[in-house]
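> Turn these sequences into a full structure, and let the hints steer you where they fit.
Protein chains in written order, with the working numbering: chain A, 1 to 207; chain B, 1001 to 1537; chain C, 2001 to 2096.
A few of these clues could be false.
Straight line, CA to CA, 20 Å or less: simulated EDC-like cross-link-like pairs of lysine to aspartate or glutamate [said to hold, decoys possible]: (1) C:Lys2067 <-> A:Glu16; (2) B:Lys1281 <-> B:Glu1531; (3) B:Lys1065 <-> B:Glu1531; (4) C:Lys2067 <-> A:Glu57; (5) B:Lys1109 <-> A:Glu15; (6) A:Lys110 <-> A:Glu57; (7) B:Lys1109 <-> B:Asp1522; (8) B:Lys1115 <-> A:Glu57; (9) B:Lys1115 <-> A:Glu15; (10) C:Lys2064 <-> A:Glu15.
Simulated from the structure, these hints should not be mistaken for laboratory data. Quick caveat: nothing in here was measured; it's all calculated off a predicted structure.
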Amino acid sequence: MEHVHHVEHPDMYDEESSKIGMWLFIFTELLLFGGLFIVYSVYRFMNPDAFHLAGEELNRFIGSLNTVILLISSMTIAMATTALRKGDRKLAIALVAISFVIGFVFLVNKYFEWGVKFSHGIWPGSEHMLNEMSQGEILFFGLYFVMTGLHALHIIIGMIIMIFAIKGLANGKITVNRPSLLDNAGLYWHLVDLIWIFLFPLFYLIH
Amino acid sequence: MQTTNAVNGANYLTYQGRYKGLFGWIFSTDHKRIGLLYLYSIATMFAMGVMLGLAMKFELLAPGKTIMDAQTYNATFTVHGVIMIFMVVVPGLPAVFGNILMPIMIGAKDVAFPKLNLLSWWLYVLGVVLVLAALFFGPGSPDTGWTFYAPYSFKTGTNMLPAIFGAFVLGFSSILTGLNFLVTIHRLRCPGMKWTKLPLFVWTLYGTAWIQLLATPVVGITLVLVALERVFGVGIFDPALGGDPILYQHLFWIYSHPAVYIMILPAMGAISEIIPTFSQKHIFGYKAIIASTMAIAFVGYLVWGHHMYTAGMSGTAQYYFSLLTFIVAIPSAIKVFNWISTMYKGSINIQTPFYWAISFIFVFMIGGLSGLVLGSLATDVYVHDTAFVVAHFHYIVFGGTGFAFFAAMHYWFPKIFGRMYDKTWANVGWLIFFIGFMALYTPMFYLGMMGMPRRYYDYLEEFHGGNILSTFGSWVLATGLLIIVVNLIRSARTGAPADANPWHSKTLEWTVPSPPPVLNFDKEPVIGENEGPYNYD
Amino acid sequence: MSEEKHQHIVPYRVYFIILIALLILTFSSIGITSIELGEYTVAAALIFAVIKSFLVLTFFMHLKYDKPYIRVMVGFVFAIFLVVIVITFLDYLYRT
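Set out below in structure tokens:
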């Protein structure tokens, strides 16, 4: 009777299905952040000067640095998919690991950035915010924390997926014929990069 | 005659795999079992929602306090709405009939991601538990209405966070189902099953899946923002901090309007299978129905502001939304025309699903036409937030999705359970239900036009007569519902065995035994070169 | 099935060149927003962001090498999002 449980769980794997499935999930993430971009654009339109003023408070150097390293990490994970197909499994693992480390550095930078804000008394609902800031500035920082916070959460998720990808590469589950775990980890990471490509100018480049 | 199948003679109901008993169901990745899990959970939540509705109607039997005070009434209509919308009609047809039947209808063994499918159901259960937790633990049941409007939703002292979180989880369940169905329909059609040969029910599930996928995240993030507002006071919808409550409404309805198309498209798809079957004639205008399905799915994204005419939007926005709302009504009307044209010169096989289908057309038309009153700016201002709106959406949603659900339930019953329901009791149940439905909701149109507000537990004496009729209607409807449900449950256990195709229908699920075997087909179907849909030999 | 993926392996240098392009665009966007452009600052920054995202989508995310229907879906999703934002602004732009 042992073969019986295979009947109920047939192997439905199909590379293209896996790829489209990941893209469809990416669409949901795009729209999730899209809702926040709608909020941003409305409040920016209604409070142009306050947004300018508040934008000055952000550290453009750290923001730019984070942008650059995230782009590099996108390249490295894309290269990993090539490495897999060329049979260079070790290189693939190394490349994903680099992306992972860069993700970690990104989070560290974010930690310091937020830390500086907190030390200046700037966080949602803080006394300083409510007493000293105009409504437009309050909205700017509310959006800043929510959007970069949600983005950071997605960096963490992307890093976790990368761990699974490295495991799959190491134990041979990911192959040229079954590359989806790696490919989809890459797609997810590129999504995280895409979101930041828009977050960066909207928060750091207005002054 | 029960079925035979390669796997030791078992069909999907009786098959025993790795897990035994209950675990064999709640850990099953078989789309048919998952569909039934959804049926039982959704039916349970529907029963709860009905009780809450009956309680509301009882309160409204007389002016003043009848059985509950204002706060309790607010909580009751809130939970009634949350249950009915998020736990019954949005998952409804796709999760039950889409799951059980769609893979068979396209000639597949299962959906593209069976484990994800199971996860979708578990998320549904988790969402339900979270929302119910909001009622029974903490500072009291949410009282904001199912629409959770800001600023009240972040100011109210009631137990919002579990409810918000539950709604978010339910949304995620919906997204994953949509994702699964999209990939399944794209990739798992059997050889020869081209897009232009797909059954209409599958087409509507496809359009619905896109809406589930693309619209739900927007309400997801909106709910997250409300939760953050409650916990951290971010200010995004708080006017005191510069936020705009109308923006909340925009974001909320950007999902919730397309959501009503999630509710109605599969309903229309089921009707599009049932009417041709019982008219014993091909559907009139197959391509027109596909085109109107996709048109509804797309244009449905563009009309959300018609829920907000009195909220404070610009005049430009009001005009624009009104215009688009009239446009989106057109494809629905095209479908009604096609259904009726199908019946013309057909040979009607008058059965329970057909009664449900024609009464669907009747109540859906009333709901739709009342929608034009609401879609038109000048008249909406007068009836917004009155009982008229309540009548409209119950006609459309309960009359539309609800009637279609019962139609589908009776149509596919023999396939799902391998038994036939008792036809006499089914028809009696339908008739009593239908009469109750009309008595319950028709007065609300009149009451609304006379000025009775919605979401109030009290009303002026002049509205008393209409409310009495409406409440009596609710009791008649409940009686009909009871008859229908008891009949279905008994018939599932001890009804007469049904064979593969009792209705002589043309779609692929009727070519396999009733109930279907575990992997649906002994041999993958290959569709011949015959042109057009529903020619599968 | 996606035969082309197996036959066509994207060379490492393609990814590298795209990275260089992305970095150039990044520094350009930082530069251009230092100039006082008033209300066009947002537009300028967004144009660079759009070009960058197009490169990420086309090359890193492989859309150039995949079957066309995936590109169609991506385009459609962005289109719907844009339409929704535009309609929302029909309210905010024209409030008195």
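> Please write out, lowest number first, the hints stated earlier that are contradicted by the structure.
Failing hints, ascending: 3, 4, 8.
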